[in-house]
Amino acid sequence: MKHQALIMISTLLFIAAAGHAMNEDSLLMDHLPGSRENLQVESEEVIVKKEDFYRYINGGAELYLNYGFKKLAKRNYLFRGSHQLKAEIFDMGTPANAFGVFSYSRDTVNIDVGQGAQYMGGSLIFWQDRYFVSIFAHQENEEVRRQLDQMARYISDAIGQRGQLPGIFDAIPQESLVPTSTFYFHHHAWQNRYRYISNANIFNIDENVRALLNKYKAARQPHYLMMLEYPDEKKARKAYKKATGKLVPRLRKEKALQDEQGLWMGCDRKGRLLLFVLDAPGREETFYLINRAAEKYRQIN
Amino acid sequence: MTIKKLSRREALKRLGLAAAGSFLLGSLPGRLFAQAHREKSRVVLIRHKDLTDGSGQVNRQVLASVFDRALTTLTGKSQVEEAWRRIIQPDDVVGVKSNVWSHLPTPPELEELIGEGLRGVGVKKDNISVDDRGVLDDPVFQNATALINARPMRTHDWSGVGSLIKNYIMFHPRPWDYHPDTCADLAKLWEKPMVKGKTRLNILVMLTPLFHGVGPHHFNKKYTWRYNGLILSFDPVAADATGLRIIEARRREYFGEKRPVSPSPHHIRLADTRHNLGNAHADRIELVRLGWQDGILI
Chain A
1 MKHQALIMIS TLLFIAAAGH AMNEDSLLMD HLPGSRENLQ VESEEVIVKK
51 EDFYRYINGG AELYLNYGFK KLAKRNYLFR GSHQLKAEIF DMGTPANAFG
101 VFSYSRDTVN IDVGQGAQYM GGSLIFWQDR YFVSIFAHQE NEEVRRQLDQ
151 MARYISDAIG QRGQLPGIFD AIPQESLVPT STFYFHHHAW QNRYRYISNA
201 NIFNIDENVR ALLNKYKAAR QPHYLMMLEY PDEKKARKAY KKATGKLVPR
251 LRKEKALQDE QGLWMGCDRK GRLLLFVLDA PGREETFYLI NRAAEKYRQI
301 N
Chain B
1 MTIKKLSRRE ALKRLGLAAA GSFLLGSLPG RLFAQAHREK SRVVLIRHKD
51 LTDGSGQVNR QVLASVFDRA LTTLTGKSQV EEAWRRIIQP DDVVGVKSNV
101 WSHLPTPPEL EELIGEGLRG VGVKKDNISV DDRGVLDDPV FQNATALINA
151 RPMRTHDWSG VGSLIKNYIM FHPRPWDYHP DTCADLAKLW EKPMVKGKTR
201 LNILVMLTPL FHGVGPHHFN KKYTWRYNGL ILSFDPVAAD ATGLRIIEAR
251 RREYFGEKRP VSPSPHHIRL ADTRHNLGNA HADRIELVRL GWQDGILI
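From first to last, the protein sequence lines are chains A and B.
Just so we're aligned, residue 1 is where the first sequence starts under the working numbering, counting upward by one.
Just so we're aligned, residue 1 is where the second sequence starts under the working numbering, counting upward by one.
Only chain A is shown next, with the shape it has when bound in the complex (with noise of 0.2 Å):
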């Protein structure tokens, strides 16, 4: 009798757990149009394994892990017959992550879907809340722009609210900033993404670090500013002293130093936050970004 309890008890748990995990797929897969006139759903897939994860995205798949990658439901569609288009939906598990994907891959923002969107030659990718979009035809003419801009926006309403970022992108300093640069991320290997810095982990950056790469325009020479906040002052203080060491020590002294080239490098950190400028056209340009990211940082903090 105990044992048939048992028995009964456990597949209750399994159905409810199936059906938790199929009501959660299918919420997903709820923000992506179904069929309709002139548009047909042909296939369509939740992913949530790791491994199904590789083998679908072929080898890119290693940058939303690093996102946080929580899983993902497409379908691939067929278009007044003719052109094959495919929608994404990507959970990311939190918004800076969303947007830490979006701001890999669009090179500017175009169109106003979302939280921040890029349409360019056939592909339409946005962000909003914790969800990175993708749609994708294989073939580009005005009718099929038309229609991923639809779709994108039927998309945008499914997911509904709006996504907080954390506070770091407050304190990004506005002036001369290049419009659409800010670069979220939290694996070192995108720390070259404007202008090479190095292969090496200087800055201790990690999944518990948010680091922002910002592009700025002055005087017409392109200089960086990352900002990197860490989860406590020692390890923002540990950071900064690699870093320094690594780059040039004299920086923890100076804060900001010269290059034979005229172009300036600076390096501070205030509580756990470390500030990096690198390519600055003066030493005041230096300094103004330092301070004024630390400022603004303070007063969110």
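Just so you know, not all the hints are guaranteed correct.
Claimed, not checked - Covered stretches of chain A (in silico footprint by chain B; criterion: 3 or more residues with CB under 8 Å from a CB of chain B, positions within the stretch not fixed):
| hint | stretch |
| --- | --- |
| 1 | 51 to 58 |
| 2 | 101 to 109 |
| 3 | 230 to 237 |
Hints in this document: simulated from the structure, not taken from any laboratory.
Please read all numbers here as calculations on a predicted model, not as lab measurements.
Glycine residues also receive a C-beta, built at the ideal position from the N, C-alpha and C atoms.
Given chain A, work out where chain B should sit, using these hints.
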């Protein structure tokens, strides 16, 4: 506050640019590379303005012509049959490792030409297989005495570029085992028994390379261009390093500024300096340029 000037050399050294810069820019001293003992690697870059048409379709006849010329130049033979015999014997079992990435696969026309060349030497049809993701289960690859490695170059979200070195990742059952440090040690794949010492020819396809990627599948036709080239070498590292220099040059041209491939494709440099697979430094590469020179970028 006293401001001291930082010399460019010091800055480069401190930023770790010396090694990478010497590789990427080809302008810094070769002595920075640990291995300087190998002979130079010959790399043949051949281009033809009609190799693809406006839509990217391959002109098979032109491809056959440039492939034959590149192969004879690489092997130093005057006839294409002799060139094939220089690298393949009739009793060889040959696996042609291609790449099936849907947006930019190894062109089927090239796979056919390789097959024709192999059969021309006398290799039996049953002893030839063209495969990518199924190589571990393919009897020809399992028993291969020779491999031919052929794939297009493209930028890649994690390894920087999809390279000839990386093309052997399917010889491992769990490709993601090679992902640490953005695929730094891909050259170790070339030590696997199924592969080691078997590669007779590397062909880096540069017909319409992808020089930048967006979106989850990292592809947009906007970021390809008709380079219309092939790179042939016995040294996969030298071929990849040459292809990468072209990709970097195209990015500078397109973006109007130095925009490094990110993440760093350091697996190519490390294939040289850490794994001794071949030569990555331009000083150790004998580059033979053939055919169309407009927009060669290197």
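(message) Please list, smallest to largest, the hint numbers that this structure does not respect.
(response) Violated: hint 3 alone.
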